[in-house]
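Taking the UniProt record's numbering, the leading residue of the sequence shown gets 1, the next gets one more, and so forth.
Treat the hints with care, as some may be off.
Only pairs whose alpha carbons sit at most 25 angstroms apart, straight line, appear in this in silico DSS-like list of lysine-lysine [stated by the list, open to error]: (1) 99 <-> 33; (2) 80 <-> 99; (3) 56 <-> 80.
Quick list of simulated restraints, FRET-style, between CB atoms [claimed, not checked]: (4) 98 <-> 30: 25 to 33 angstroms; (5) 85 <-> 52: 28 to 36 angstroms; (6) 4 <-> 43: 37 to 45 angstroms; (7) 43 <-> 81: 38 to 46 angstroms; (8) 27 <-> 80: 48 to 56 angstroms; (9) 91 <-> 5: 21 to 29 angstroms.
If you are wondering where the hints come from, they were derived from the structure by calculation, not from laboratory data. Ideal Cβ placement from N, Cα and C applies to all residues, glycine included.
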Amino acid sequence: MDQGGSWNALFWNNHDQPWALNRFGNTGKYREKSAEMLATATHLMRGTPYIYMGEKIGMMDPDYSSMNDYVDVEAKNAFKELTAKGMSEKDAFEIIKTKARDNSRGMIVNMLALVM
1 MDQGGSWNAL
11 FWNNHDQPWA
21 LNRFGNTGKY
31 REKSAEMLAT
41 ATHLMRGTPY
51 IYMGEKIGMM
61 DPDYSSMNDY
71 VDVEAKNAFK
81 ELTAKGMSEK
91 DAFEIIKTKA
101 RDNSRGMIVN
111 MLALVM
């Protein structure tokens, strides 16, 4: 890429993916260190870093307790498909929790408990 003069767009997050902190980091004991690692990796690469809203404060996926909490039609349809194929509702819900687009579309207000 250096020879061609290309320039990368650097990003971890977007509105269709769960938060990078949940996908690649440890949201428990090492939440802050994981967020620092992701930010450092982004800013040390060649290119322009794009910081998605909420990323700068270490947003994490919401801890939804049921499918009723989800708004995204894709998550609801995937849940129906998984259970129709014989998967238990509990197992299907656990899959949806890790992959749903609603994870990165949650309200920033949910993070206040972690920063105060």
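Each hint, compared with the structure:
Proposed proximity of residue 99 and residue 33 is supported: the alpha carbons are some 23 angstroms apart, at most 25 angstroms. Among the hinted pairs, residue 80 with residue 99 is consistent with the structure: their alpha-carbon atoms are about 15 angstroms apart, no more than 25 angstroms. Restraint check: the Cα-Cα separation between residue 56 and residue 80 comes to about 34 angstroms, which exceeds 25 angstroms; the hinted pair is violated. For residue 98 and residue 30, the Cβ-Cβ distance of about 18 angstroms falls outside the hinted range of 25 to 33 angstroms, so the restraint is violated.
A beta carbon spacing of about 33 angstroms between residue 85 and residue 52 agrees with the range 28 to 36 angstroms that was offered as a hint. Judged by the Cβ atoms, the range 37 to 45 angstroms given for residue 4 and residue 43 is violated: they are separated by roughly 23 angstroms. Between residue 43 and residue 81 the C-beta distance comes to about 39 angstroms, which sits within the given range of 38 to 46 angstroms. Separated by about 28 angstroms at the C-beta atoms, residue 27 and residue 80 break the suggested range of 48 to 56 angstroms.
For the pair residue 91 and residue 5, the supplied restraint of 21 to 29 angstroms is violated, since their beta-carbon distance comes to about 49 angstroms.
Comparing the model with each earlier hint shows violations of hints 3, 4, 6, 8, 9; every other hint is respected.
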